[in-house]
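As given, the protein sequences belong to chains L and P, one line each in that order.
Counting from 1, one number per residue, gives the positions in the first sequence under this note's numbering.
Counting from 1, one number per residue, gives the positions in the second sequence under this note's numbering.
Calculated directly from the structure, the hints in this document are not laboratory data.
Backbone N, C-alpha and C fix where the C-beta goes; we use that ideal spot for every residue, glycine too.
Warning: the hint list may mix true and false statements.
What the hints assert, rightly or not - If you want a taste of the chain P side facing chain L, the calculated C-beta under 7 angstroms gives, among others:
| hint | residue |
| --- | --- |
| 1 | Ser-155 |
| 2 | Ala-159 |
| 3 | Val-298 |
| 4 | Thr-302 |
| 5 | Glu-308 |
| 6 | Thr-330 |
| 7 | Ala-332 |
| 8 | Ser-335 |
Stated by the list, open to error - Dumping the calculated SDA-like pairs for lysine to any residue here, alpha-carbon to alpha-carbon at most 25 angstroms:
| hint | chain 1 | residue 1 | chain 2 | residue 2 |
| --- | --- | --- | --- | --- |
| 9 | P | Lys-104 | P | Ser-155 |
| 10 | L | Lys-151 | P | Gly-193 |
| 11 | L | Lys-226 | L | Lys-354 |
| 12 | L | Lys-226 | L | Pro-276 |
| 13 | L | Lys-226 | L | Thr-273 |
| 14 | L | Lys-151 | P | Gln-313 |
| 15 | P | Lys-251 | P | Glu-179 |
| 16 | L | Lys-226 | L | Ala-345 |
| 17 | P | Lys-251 | P | Ser-312 |
| 18 | L | Lys-151 | P | Gln-315 |
| 19 | L | Lys-151 | P | Lys-104 |
| 20 | L | Lys-151 | P | Ser-312 |
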Amino acid sequence: MKAAILAPVVALATSSSCLFLPAIEDDGYVSCARDEDCAVGRSCAVDVGLCAPPPWNDTAFQQRRAIIVTNTADVALPIGTAVPVQIGGPGGVMSLEEVGVDARYTDFVDGAWRDVPVSVDRFDDRFTVWVPLTRSIAAGADDVLVYLEQKTVDGTPTVVENGEQTFALFDELDDFPADGEGGERYRINAPDPEALSAGDSLVSVGDNVTVLWRQGFAPPISLTFKARVVGLNCEEVFIGVTGADRLGFNPPSAGFFIDDDLQAYAEVAPTATSNPTPLSEPRAFSESPTALHRFTIDVDAAVVRLSVDGVVFDERSDLRPAFEEDAELFPTVQVGGACAIEVEAMWITPLPAKAPTVRVEPLVDLNLTY
Amino acid sequence: MRCFAILALVLALPLRAADPMPTLDGDDDVAGADDAVDDGDDDGADVVGAPVPVRTISLMPLSPSGTVTTKQASGVGARLREALTAIAEEGTLRLLPETKDDDKVVRRCVVDAACYGDVGTQRGADRLGFGTVEVQDGGGLKVTVHVTNGGEPRSAVFAGERADDLARFDRLARELFAEESLQGTLVLQGQVGDIVRIDGRRRGTIGKDGVYTREALREGRHSIEVRRPAGRNGTLYDPFTRDVQIVHREKMSIKVTLLPKDATATLSDDDKNALPVGPLVAVGVGSAAVVAGIVFGVLSLTTGFEVEERASQQQLVFPRDTALVQQGRTFAVVSSVLTGLGVVVAGGGAAWWALSAPAPTEDDDSDEAVGGTR
Chain L
1 MKAAILAPVV ALATSSSCLF LPAIEDDGYV SCARDEDCAV GRSCAVDVGL CAPPPWNDTA
61 FQQRRAIIVT NTADVALPIG TAVPVQIGGP GGVMSLEEVG VDARYTDFVD GAWRDVPVSV
121 DRFDDRFTVW VPLTRSIAAG ADDVLVYLEQ KTVDGTPTVV ENGEQTFALF DELDDFPADG
181 EGGERYRINA PDPEALSAGD SLVSVGDNVT VLWRQGFAPP ISLTFKARVV GLNCEEVFIG
241 VTGADRLGFN PPSAGFFIDD DLQAYAEVAP TATSNPTPLS EPRAFSESPT ALHRFTIDVD
301 AAVVRLSVDG VVFDERSDLR PAFEEDAELF PTVQVGGACA IEVEAMWITP LPAKAPTVRV
361 EPLVDLNLTY
Chain P
1 MRCFAILALV LALPLRAADP MPTLDGDDDV AGADDAVDDG DDDGADVVGA PVPVRTISLM
61 PLSPSGTVTT KQASGVGARL REALTAIAEE GTLRLLPETK DDDKVVRRCV VDAACYGDVG
121 TQRGADRLGF GTVEVQDGGG LKVTVHVTNG GEPRSAVFAG ERADDLARFD RLARELFAEE
181 SLQGTLVLQG QVGDIVRIDG RRRGTIGKDG VYTREALREG RHSIEVRRPA GRNGTLYDPF
241 TRDVQIVHRE KMSIKVTLLP KDATATLSDD DKNALPVGPL VAVGVGSAAV VAGIVFGVLS
301 LTTGFEVEER ASQQQLVFPR DTALVQQGRT FAVVSSVLTG LGVVVAGGGA AWWALSAPAP
361 TEDDDSDEAV GGTR
């Protein structure tokens, strides 16, 4: 009898609770008991048992957007790995119009907000924001890379740019030694001092000059030279990595070789005993070879990929033998012939060959007055 | 889950309190299958239908007083003897014949009335009557008779009209010598199976014809109680109780209507057709709870809309909005509990009302219609 009475009461109470309780599951506010129950960018508010995004950082910024990174590699991405986020241009995760000049990048870590220093590589039609990971991301996992905050009252730039804190190695060549002595940072071979010049935040590497950065990195690496080829009659110009902290061309190595008429090819020597081998026939690496370009060399075990301005120039994914895990690779620029390489910047980060992908969450507007 | 636990606890209390399972009052008897009007458990000491003791009576000649002549007194005495003779024919008493010594006894005992006791004893009379006749103020003769081994002396008026005088002398004779023979009839009209108690003793049940008749009920005041066993639907009824005055040779008819228990708490006899209070209270309380539940539901919805708006904007964050969400949940739970309880209580009240409606009475032609009382 009591059960017969209780049943409809419980049913009524349940149904009316469902009626009265707000429907917010579709907006991501699902029940949870711990953070692991929640989607990316949300944590479990245990006092209400709901997954929720972090609280607003600063009401001076009226918009924010979570940028999510997915590690597609089969190894974890370590903290500090710089992840490129392209904004504008083909393949950009956001258009240029979606990112204001006052944008800044922040992260919510351990219950507190903090600015994330980034490095911005500006192109004519787009820019790439390199964001260092503030947390390790397991293989196949995704997580918040960074929050983009913008739309301030005054609209002035607020981004914190710091290449040194973004990359494992970042060099804008502002302090390149003018006397040709490399010191602890560089090894320089410049028999003709006039063939090497530095200033205006660039270094011009001329004929018969070699510049080697003395900090070595084990694969995986992603090395980018922001450089320009000056002249047309180059002879074995090398832009890439070599395998020893000494002058001379020391395998293992990987990089661009640029010859006469600015014909380029990729050459790889995976081990110290390997003979450097071209991956393809020489060809033009760009329609405007003397323009400013980003020459990127990605090395990851059996994979080597060379790109110019984000476009793959050559790639090999089945190197036999592969680059060894403990190999040390040193950024190197070597010039031969009546040409020069003007290097504006160089950076390197331990990105795997299977680079992480990036997506953005919908823009959140702080347009509610609470 | 906590909500349901509280809900169950809250529900358990009224359910237990209003457990409709039929129970038997320890003082009540279950209605029998028999239709016996009288259970026949009378005994000799009872005033209800008790056998009248047959006494031996001796009546002395009445003495004239004042201006009353001996002949007048003798005539009145003859009337009284005539009444006693009629009663004796019922077998209620045995009247000793007159003797030639009666006048001597009267003369001898006029000095000391105590000697009548000895006379009665000598004659083997249980009671011996003697008295006087005097002129009644306003006309007629007043007879005053004393009784040995009896109570107070009683008087009657002799007006000279035979029928009336016989009635008055019959009553006077019975009061003096056979008070047990003063009996009337009680008739109760009610629902079949209702249990009848008279002066605290079970006397029977209302018969198939809806009538309980008790004849030869001694004259005087009696307490009547009629009870109805709990119905199959668990309905309990308040007993009907009433003190009645039974008059010799008269029939007292009472129509008995029993009302469901508690429904009569504040009802008078004239309110027997009014709505029962218990179900009304239940329906009222339940309805109020439903209304309160709706109010809390609206509050909950209002809060819920705000929560949904913030959530849709991804602006619902904690701990800033913790109070808002918890308030909405509280309102929702309160609304659910109130609504649920309200529906159950109101529905239960309506069902109670429907199930406890009194059965229709069989007839209304009784001498006296009486409603139930507590």
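Against chain L, run the beta carbon of Thr-302 (chain P) and see if the smallest gap drops under 7 angstroms.
Since chain L brings no Cβ nearer than about 10 angstroms to Thr-302 (chain P), farther than 7 angstroms, the hint is violated.
Within 25 angstroms, alpha carbon to alpha carbon, are Lys-151 (chain L) and Gln-315 (chain P)?
Distance of about 16 angstroms is within 25 angstroms: holds.
Mind checking the alpha carbons of Lys-104 (chain P) and Ser-155 (chain P) for me, to see if they're no more than 25 angstroms apart?
Holds. Lys-104 (chain P) to Ser-155 (chain P) sits at ~24 angstroms (cutoff 25 angstroms).
Given the hinted pair Lys-226 (chain L) and Lys-354 (chain L), is their Cα-Cα distance within 25 angstroms?
22 angstroms, holds
Hint consistency between Lys-151 (chain L) and Lys-104 (chain P) [alpha-carbon to alpha-carbon, up to 25 angstroms]
Violated, because 141 angstroms separates the two Cα atoms, which is more than 25 angstroms.
Residue hint Val-298 (chain P), partner chain L, criterion CB-CB below 7 angstroms
9 angstroms, violated
Has the given pair, Lys-151 (chain L) with Gly-193 (chain P), been kept, meaning a C-alpha gap of at most 25 angstroms?
89 angstroms, violated
Take the C-alpha atoms of Lys-251 (chain P) and Glu-179 (chain P), compute the straight-line distance between them, and say whether it is at most 25 angstroms.
This hinted pair holds, its Cα atoms lying about 18 angstroms apart.
Chain L contact restraint for Ser-155 (chain P) - C-beta distance below 7 angstroms:
68 angstroms, violated
Under the criterion that the straight-line Cα-Cα distance not exceed 25 angstroms, is the pair Lys-226 (chain L), Pro-276 (chain L) satisfied?
Since the Cα atoms of Lys-226 (chain L) and Pro-276 (chain L) sit roughly 24 angstroms apart, the hinted pair holds (cutoff 25 angstroms).
Would the pair Lys-251 (chain P) and Ser-312 (chain P) pass a check requiring their Cα atoms to be no farther apart than 25 angstroms?
86 angstroms, violated
Please verify whether Lys-151 (chain L) and Gln-313 (chain P) have alpha carbons no more than 25 angstroms apart.
Measuring from Cα to Cα gives roughly 16 angstroms; hence the hint holds.
Checked against the numbered hints above, the structure breaks hints 1, 2, 3, 4, 6, 10, 13, 17, 19 and satisfies the rest.
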